[in-house]
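Participant: Here's the letter readout for the chains.
There are 4 protein chains.
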Amino acid sequence: MSLNSFGHLFRVTTWGESHGPALGATVDGCPPQVPVDATMLQHWLDKRKPGQNKNTTQRKEPDAVEILSGVFEGQTTGTPIQLMIRNTDQRSKDYGDIVEKFRPGHADITYWQKYGIRDYRGGGRSSARETASRVAAGGIAREAIKAMAPDVQITGYMVQMGEKKIDRTKFDWDQIGQNDFWCPDADAAVEWESYLDWLRKDDHNSVGAVIEVVARGVPAGIGAPVYGKLDTDLAAAMMSINAVKGVEIGEGMAAAALTGRDNADEIFMGPNGPEYSSNHAGGILGGISTGQDLVVRFAVKPTSSILTPRKTITKSGTETEIITKGRHDPCVGIRAVPVGEAMMACVVLDHMLLHRGQIGENRGAIG
Amino acid sequence: MSLNSFGHLFRVTTWGESHGPALGATVDGCPPQVPVDATMLQHWLDKRKPGQNKNTTQRKEPDAVEILSGVFEGQTTGTPIQLMIRNTDQRSKDYGDIVEKFRPGHADITYWQKYGIRDYRGGGRSSARETASRVAAGGIAREAIKAMAPDVQITGYMVQMGEKKIDRTKFDWDQIGQNDFWCPDADAAVEWESYLDWLRKDDHNSVGAVIEVVARGVPAGIGAPVYGKLDTDLAAAMMSINAVKGVEIGEGMAAAALTGRDNADEIFMGPNGPEYSSNHAGGILGGISTGQDLVVRFAVKPTSSILTPRKTITKSGTETEIITKGRHDPCVGIRAVPVGEAMMACVVLDHMLLHRGQIGENRGAIG
Amino acid sequence: MSLNSFGHLFRVTTWGESHGPALGATVDGCPPQVPVDATMLQHWLDKRKPGQNKNTTQRKEPDAVEILSGVFEGQTTGTPIQLMIRNTDQRSKDYGDIVEKFRPGHADITYWQKYGIRDYRGGGRSSARETASRVAAGGIAREAIKAMAPDVQITGYMVQMGEKKIDRTKFDWDQIGQNDFWCPDADAAVEWESYLDWLRKDDHNSVGAVIEVVARGVPAGIGAPVYGKLDTDLAAAMMSINAVKGVEIGEGMAAAALTGRDNADEIFMGPNGPEYSSNHAGGILGGISTGQDLVVRFAVKPTSSILTPRKTITKSGTETEIITKGRHDPCVGIRAVPVGEAMMACVVLDHMLLHRGQIGENRGAIG
Amino acid sequence: MSLNSFGHLFRVTTWGESHGPALGATVDGCPPQVPVDATMLQHWLDKRKPGQNKNTTQRKEPDAVEILSGVFEGQTTGTPIQLMIRNTDQRSKDYGDIVEKFRPGHADITYWQKYGIRDYRGGGRSSARETASRVAAGGIAREAIKAMAPDVQITGYMVQMGEKKIDRTKFDWDQIGQNDFWCPDADAAVEWESYLDWLRKDDHNSVGAVIEVVARGVPAGIGAPVYGKLDTDLAAAMMSINAVKGVEIGEGMAAAALTGRDNADEIFMGPNGPEYSSNHAGGILGGISTGQDLVVRFAVKPTSSILTPRKTITKSGTETEIITKGRHDPCVGIRAVPVGEAMMACVVLDHMLLHRGQIGENRGAIG
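The listed protein sequences correspond, in order, to chains H, U, G and C. Be aware that the first sequence starts at 162, since it is given in the working numbering, and climbs by one per residue. Be aware that the second sequence starts at 162, since it is given in the working numbering, and climbs by one per residue. Be aware that the third sequence starts at 162, since it is given in the working numbering, and climbs by one per residue. Be aware that the fourth sequence starts at 162, since it is given in the working numbering, and climbs by one per residue.
Please keep in mind that the hints were generated in silico from the structure rather than gathered at the bench. Heads up, a few of these hints could be off.
Stated by the list, open to error - The calculated lysine to aspartate or glutamate pairs, modelled on EDC-like cross-linking and capped at a C-alpha distance of 20 Å, are:
1) Lys486/H with Glu427/U
2) Lys325/H with Asp423/U
3) Lys486/C with Asp423/G
4) Lys476/U with Asp423/H
5) Lys210/G with Asp198/G
6) Lys325/U with Glu352/U
7) Lys476/G with Glu352/C
8) Lys472/H with Glu352/U
9) Lys476/C with Glu436/G
10) Lys476/U with Asp341/G
11) Lys476/H with Glu482/U
12) Lys472/C with Glu427/G
13) Lys486/C with Asp250/G
14) Lys221/U with Asp207/U
15) Lys472/U with Glu427/H
16) Lys476/G with Glu234/U
17) Lys486/U with Glu222/U
18) Lys476/U with Glu427/H
19) Lys325/U with Asp423/H
20) Lys331/C with Glu352/C
Required output: the full structure, derived from the provided sequences and hints.
Facilitator: Structure (structure tokens):
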């Protein structure tokens, strides 16, 4: 019941603050004999790493992950895996102003009210740096999935920056890795680049984003009814990421505007089992996977740490203004892409293990 | 780790199928000495009850709740409360066609694939009838909240039916109980009524909806960072309701289109503590309540059980069509309103108890 | 985190008081397609049923179990199974004296101090009647084990009543069902009978007991290190039974007196894998089963409800004496035998499912 | 549901192997504003540290604990606390023989069968070194208890080594810290010393022990009925310690031999509330604390790693003999004393938080 853990059988607990000595994840319940080494995890951490281009925070962190336990001679042993990432670039002096003042739209005030103490340096526990731990854990999950179901592919990308959405007709999987925004629409990426440049340099502002994560090749049958639903756990996983304010499965909020006739994904019989005319359901019916693509979207709010002055109060209740200097992401949604992928990987693996535990293998053949 | 449970300290496990002898909820962790009787719970169940007007399913169920344990001489004892609702109107013969055929957009096919067995009568465990158990449990939660924080008020309402949204300038709390749709905009309610009439009688169709649930008076400080976030648990709670495809906190998906300057809820000092210029955050920062209104929205997809034929397959893999006769809700979102309220009540109480457990009382005074 | 639940994947929540309308168990996580009906469960409930002979309480309860959900056409569906047992013989007037007075050695006083309210009728939630729910749930577990590992056999028996222990050289499995005490030593059973007669009728007293539960045929490899150890979960399961004060695995407390040379179960290679020279370990090494018999013992204290006056106080703090009339078990350990078996079945099944979830099948072949 | 975690609200997850780079504990749910620093924790680790005298393993480990997160400016912040202990003296070459052979009475064989891989160096995850993590976590728990209930005192000691028990009439609290055995009976300590000398040097053997842990000053009312019982959680906590085979609360296994008349702790009214004539119950009735001393005992089996040859098999199934050279504890029970104390501290704190969460403060006044 740890409030810093998620997952049922594949269970991840993250720990650490932005400017403490280190942060990391304790990963329990991983199947044994999964080939894992630090290099494999580093691949995913490098996707999330700050300071890689002008569109993300200029904080320089190598985000080098160390495996302290649970892996022996290149394989998981089935015991807890401790992943540690040392903090190196902790220019704490940049944050002096937030010791006394609460940033509007930030967790500063609620942490203070609840706990009576907060590590104000870089946001402490509420910093987006915490998500590095998730990405490391997600790297473990990816390898474990690969060992069980090699066809599963998990890919995230941005579909909206501010008010600017991609054009779905220009969607190109191969574009995703070709720009700074994990954007599948090459034209949108160009437009976003100049927009974000202006926002950062001229407008001293930040902006939100929508990220979509797709898992292809997930077998039918994983998930469970009622509160252990696959969509419930995906919603929780994504909503737990810093700054996320909305989560959608398949058609998402737009499902409200559809009629039953339009929303039904009609079913046909294909050579390898059921096939569907469409995927409004996002690959989940009744909390259980259909075998179609799992499709999740989430909205990330704009960073509250901006150079434009905002009205606020101090700990002693005095009204004042705040400008957050620091080194912040103009669109933190960009770096949320690998985080969303990691959460998807953790949830999918967890439900594959749960399914195997309770059921063994799918029971109901069709045809 | 029960997949049919939710909550940390206030823990609800629901059980039962649509056409079995009964369904209910096992409620554990309720504080003692909370005044509770069946009448109090019945009040909320009656809001969700089917067959009350032409806009909901014509199934007639008294939904009378019995308290089998955990309440003694009109008060909770702190031990598990068993709530049972007998099924009475189980016209199983109506459902003959779905024994062999899978309804598109319904959990029929995934239950079958996973378990190799399903109680097809009325959707079995995947029926929306399961939500009666939640409403009963939510009634307990409401009374326990009242005993701890009498000012908390939890209210749900519909803000969208199909493509038709309410006009927020006409929002009137008092209207919510005055129409069949829990609609706070009287004009919208009139329009929805005729639209739904046409949809049901002439179009043989169904439609989705968006429900908003607001908790007013919740104290600052409840919730927790990272995976035990208040918004994470609210997202999970709402996504676990049948047919929900999207969940939003505060600004929700629209937060993506905002800039940091616009999204920041500026902070001022009021006579009783911090006050905010706006509530884009939906009352939650860093997973912890701010003391503002908690605002959650969720989208309910249209019922898949409609009178219009849809293409599907049988268990033996033969392609066919299906018309679902039964007695279904043309807009199941209507009856989701009290369910959303119940889930909000359960989550708020749970986090109040968690907060008291770890923290005692808020630690950080302001001013 | 329900405090009335146990198990990880196979999760049992019990509810109900001694003199309420009913009590029962919510069983979640059972594999689907396990053949189950009420008759199968009744078989085990009848072993625990009160009033069967003069050696147990004279309360007459049919303990008839109803299955309210989770079973369809004679098979489990994989959804929660609700088991309900109605209370019928609730002679509450017998208990008048305990409304104001606390029985020494009973939970009366601690329930009162903690909750400020208690259902005093028959001990309420703290009554040994709660164990009927466990036996019903254990019946489900037995059937699920049978479907996965048909060779597993779970048998409990009494090895000590008061100071009188069985003679291990006279141990006879076939005797266990032949006397009122589940005693494997026929001579001891005769002696116990006359001792208990005297104790009940002449001495107005009660006595403790030691029960041993053995699971034969459990495959090697179930369990897990550190806190999810098989022995940890067995200890918790047995200690959670009313009146239990000690739990032993294999050699148990006597292991303290052994040397390493004597305690080591030496390993040999048999035709079907490893074999052991002895079983001091009780079938568990490092929290994981060896494939030998699982051997658990627990001590049940004597009933505190006796006809001999004991000194106590009232709710208002007045010193007084109490005699508990009611209809109590002179040796409640007798009826704890089927309860211990049920707990063993639940733990073994739970760990079989956990093992299948994380590992699939045993990974390390020998020879 | 992590199998390497325990606790409900105060939740400890340990990680690490005997000869990996480090091991530690992730501690979640600690109340904020508890004064903690590494020195406080080191005090308890030093009690458990190997190589302090000839009676324990000669492995030299400083067991220096680092706090990597969750503590800021000398106080807990309410976020997860990461405690890391580096392994320094990893003379792996000593363990060469156990790569292929399984030590009888050790987890070697079951880890291998289950996982198909094991970190054989020093026992890997199954090494008693894991308990250093528990002692560090217990240090946090002690400080948190002190902040809530300053009168609580937790003390462990050995009451039996091999067949040699202490004489309870010579019990002296002040002796406990005066000898190498945490023995409250000075004469027994002298006898144990020479016995252990002979056992180690001449007999090449090891021996078991019984440890008792007492918590004084714990308020009445903590704990919960049925599966969240205080005694259930204590039993699980102690049984989860390496090599423990039996757990007793209060009278323990000896309760079986008592009659109801003798076992009842009679109740009187003292100046500050109820008082008891005796403490057969070990401070717990119905799973809830009475306010008397909590008394737990557990038996530790003798180390299986001894210099005397024992028969065993290899991974390939060949029969052979094994002598475990290494540097092992002749009586590992000695170092289990601070571990038992740590587990007691964690359980007591956890239940204090749970109690505050569900109940607030005790509800039922007496007198």
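Participant: Any of the earlier hints contradicted here, and which numbers?
Facilitator: 4, 7, 8, 10, 11, 13
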